[in-house]
Structures are given as structure tokens and as C-alpha cells.
Amino acid sequence: MRSIVMVILTALMAFVAGCRGAPLYSIRVEETHKDVLRVAVAVDRPLSIHEYHRIAEDELRFVLKGARRYEVPVYEVRFEYFAPVEGTVAAERVAAYIWRPDDARPVHTTFQSNTETVPP
Amino acid sequence: MRAHVRLLGLIGWLALPGIVASGSGCGLLYKHAHTERRFTLYSNRSETYLKHVASKVERIYEGLGAVFKVPRERLGHPTILLEGVDTDVVDFHYSPDILGCYIPFLNLISIESTAAPRESETTDPVLLHEIAHHFISTQWPAATSECWLNEGLAAALETSLFDADGFEFPLLNPELGQVARHCARGKEPLLRLPDLLDMSWSQFHDREHRERNYALAWALVYYLLDRHLPADMPLGEKIDALYRLDRGEIAGLEPKWIQFLRSFDLNGALLTYARDTGSATRRTARWAIEKLGQLRSGEDLRLLEELAELLDSPDFQVRVQAHVAFLRRLDQATHSYVLEHEVVHKGVARVKRALRDSNESRSVSLTIVDAAGECRRTQADWVPCLVDLLDSTDGEVRAAAASALSRMSAKPTIVNPDFWREGTPNARGAEIAEWRAWLSTLNDQG
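In order, the protein sequences belong to chains A and B.
Just add 1 to wherever you are in the first sequence, counting from 1, and you've got our numbering.
Just add 1317 to wherever you are in the second sequence, counting from 1, and you've got our numbering.
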């Protein structure tokens, strides 16, 4: 009995030790074009492809909801992921993901200019 | 008790290769399987991707089979594992240690395809490399203990070019060629040829020197096939001669080989291929032009001059490839004086003409527009042309121009191709007017 408990405890400790916490991240949404949104995701470390995808799926609902509220047409949402560079305060782009509606048509189209024209 | 555990462990280890090698074992580990006459593919990627790769693998077995002339039954029925998942996420940090491997005793090829988009050709060199190992180790089993031969020959064959109609073997590996030349011209003493010939598997694949060893192994095999053996000898016979060459004789070629490496004109070799656009070498010509646009080089002016001459090629695909390569080369030119050279000016004018030429075929226009959209340093040259194209009579060209402008310019625009294809002329006109006003503001600012 005692050996079974020890085995279970060891397995549990190994599991806990092997687990990394859920990724921490913050996002910033920008309207880079009249129908394109850019979501800059600052992650605490480089992640797996699945984790990048899951973050995009989680955030997309809120991003689209906000776009509808402000009547921003959305043809494309570009997710860009940035992670800290070891030993510096800088961050580097580590991954990207582009989302488009399935039918390749915008969620909402007004085709009205809603951004200022600013030369670079 | 311990004896039983050991016995069970031993049985497990002995059974593992069998389980892995057998279809049922892989079937348990992978979602999809695709069996062809010569091989079985397993993968967790989509069945569409599996079929796409299967057709390539079939073609590679045909192409290499014609060179090696190994009876089919000797090759057995290999298992090919395509690792990776289908995803639209681009992971810039992704850098696998091993892109592929061939395990002779299991007749198993494993390919890492995570970084490969669904319809791309990025896995072609890895497939060619690993399938070449299959042929080499089947035809000449001793090659498995001679890393320079096995890896050098596979690296020469990985640049082979193929489509449904044919196969070409340039044998030139530009990336490894650059590394080999760098080693030969560097301050550190070059690895001695006898040492390269005698390297064990672990010495050859040593993490610190692996890249150098691959490059020198390719350089040796390329030298022997392309410079040492008779030029008129068919490739299959050359490979056979390579197996049988006396190793002492090869070691004795060291001074000539080093001389070859130090004077090797990689750009010159690519330019020779690029100019030879005959039907038997057209795949190699297009590949060489593409490489001339991609590779880092200190000879931008020489390459731009040569590429400019290909901009008017009567071969439609060479013309497209030359335009793309010219744009890329121009955008990554190391010295700005290159951009002021007369020949380069003429080339830029030629590309602009092609962009505005309504008689140019749609696929040429779309490809050039797309390539222009990737230019960062020379964007001032292309933006006015692309703005003009927003008014093109062809909706696809309008959409491609808008997409290119959205990538290269900070001015917000409508990217949605449906708008540019089908939007009302008034709405499009308003957007174009906005672009022209923005351009004139830029011009006024000087």
C-alpha cells in the first residue's frame, strides 16, 4: 500500500515539476489599414504553435467584437507575437498568424475611409 | 523476477523496430496513411498534404531510379514519416536540429515538415536528400560508414529539379558552396582531406563542425563528379566510379581540390546555368536565377547587370523569374552606389515598364507586383507604379497592387481584394484619389 502511495506521489511530483504554467501575455490592437487589424501579443517566452493558435482563437472573439462595435471593416487580423530576448530588455518577433474570415469577405464592410492619411 | 523484467525489456526492444517498421505500428501513431506501389507515407497532417507529398516522392523515386538503376525489389517498401502538423502559424523560432533522416535497417525515412506550408516545395530538398540516402546505401552499403560519400552525394542530389515531365541534376549546392568556399578562404587551416575521408559518424555529425563537414563533403563530391571524372560520363556511371575510386587517390587530390575551392566562382556557375535556357536545362536555369536573387553576395552589381539582360528573355518563365530576382537583388544590395549605376537604372526602368505594360501577361504582372510588395529599401521606385495599377482594367492586378502597397507602405488603405475586384468605380476612384494625394504630399516634401 505504502509503495503504491509513493509511486502516485512520485508521479504527481514529476507531473507538477514538468508542467510549465499557462503562458502570460498582453495584447495591443492597432488598425494598420482600413480593413486590417494588427494584434501585437507580448508573450513571456517563445511558445508552441498550438499555444500561439490558442491565444489567437481566444483573443479573436474580443477583437472582432470591438471591431463591430466601432464599425471597423475587417478583412484580415494579423497576430504578431513578441518574446523577450534573453539578457536584454528588447523583444523580438517570434511568430505570426493571419486570420481571415472563411469566405474571404469582410465581417463588416463600409469601404469608408476611417483613418487619417499620414505620410510615413 | 529481475531476469523476467530483463527478458521482457529485451523482447520489447527487439519488437520495437518491427512495430515501427510495420504499417500497423505507424498506423497506431499517425492519423493518416497513404500507400503507393513503392512506399507508404504516414502523417498527422491533412490527407491532401499527404497526397501532394506522395506524388513528389513517387516522382523522386522515378527520377533517382533512372540514375542509380537499382532494381526495385532491392529498395524494398520504405516507410516515410512526415512529422509536423498543419498550421497557419509561422514560428520564426522554429529551428529543428534534424530536418530528415534515413534509417537503413528499418528502411525508414523521417521528414520534419512543420515549417512547410501546405502546397509549398520547401520539403523537396529534404525528400531528395533522404531518398538519395536510400539509393546510395542500397547500391553501395559501404557508404553508410563513409560519411563524406553518403552525405556529400546526398547534398549534391538534394538540389535536383523535377516536374511531371523531367528531372535535372545541377549537383551544385549554392548554400553549402558558400560555406565550403568560406572555409577554404578563412584564416583557420582547412580540414585535411585524409581526415575528412576517415571521419566516423559521430565525428562528422559533431554539433560544432557539422555544417563545415557537410559543406566540405559536398565540395569534394562535386569536385570529383564535375571536375575530376570525364564530363561526358553519364551521372549514374560517375556515381559508380565515385564508389570505386581508390581512397588514397582521392586523398592525393588534396592540392587540386583546395585550389578548386579557393577559386570557385559560385556566382559564375549560377550565371552559366541561368543563361542556358534550352529546353533540356530550363528547370536549372529558372532555379539558378531564383538563387541569384536570394543568396548573399558581395557582387551585387555583377549580378544585377546579368539579371538585367534576362529581363527581356523570350522565355516567359525565365522573364518572370529574372524580374523577381532583379527586384530582390536590388533591394538587398550592400552598397548604395550600385543603385546609381547606369545598367541598374536601365533595369529599374525595364521593370517599371513591365509593371505598367497592359500587354504583359497577367501572371507575369501579378508575380512582379507581388515581388515589388516585398521591397523595402527601393519602395520609392515601385509605389507610384503600384498606385497606377490600382486603376488597371484587370481586377486581379488591382487587388494584387493594393496588397503589395499595404505591405510596403504605411499609408492606410483598403486591402480586401473583393473591393478592388468588384467594388464600385466611384468607391475605388475615391481610394485611388487618396493614394495620389498622399503621393503628391510626399513629392512636395521632397
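Any given hint could be a false lead.
[Said to hold, decoys possible] Stretch-level coverage of chain B by chain A, calculated; a stretch enters the list once three of its residues show a Cβ under 8 Å from a Cβ in chain A:
1. 1394-1400
2. 1724-1735
[Stated by the list, open to error] Pair ranges (Cβ atoms, derived):
3. A:72 x B:1402: 35 to 43 Å
4. A:62 x B:1394: 27 to 35 Å
5. A:71 x B:1527: 34 to 42 Å
6. A:41 x B:1759: 23 to 31 Å
7. B:1658 x A:49: 42 to 50 Å
Source of the hints: derived by calculation from the structure; they are not laboratory data.
The beta carbon of each residue, even a glycine, is placed where N, CA and C say it ideally should be.
Here's how the hints hold up against the structure:
no.	hint	in the structure
1	1394-1400	violated (count 0)
2	1724-1735	holds (count 10)
3	A:72 x B:1402: 35 to 43 Å	holds, 37 Å
4	A:62 x B:1394: 27 to 35 Å	violated, 48 Å
5	A:71 x B:1527: 34 to 42 Å	violated, 53 Å
6	A:41 x B:1759: 23 to 31 Å	holds, 27 Å
7	B:1658 x A:49: 42 to 50 Å	holds, 47 Å
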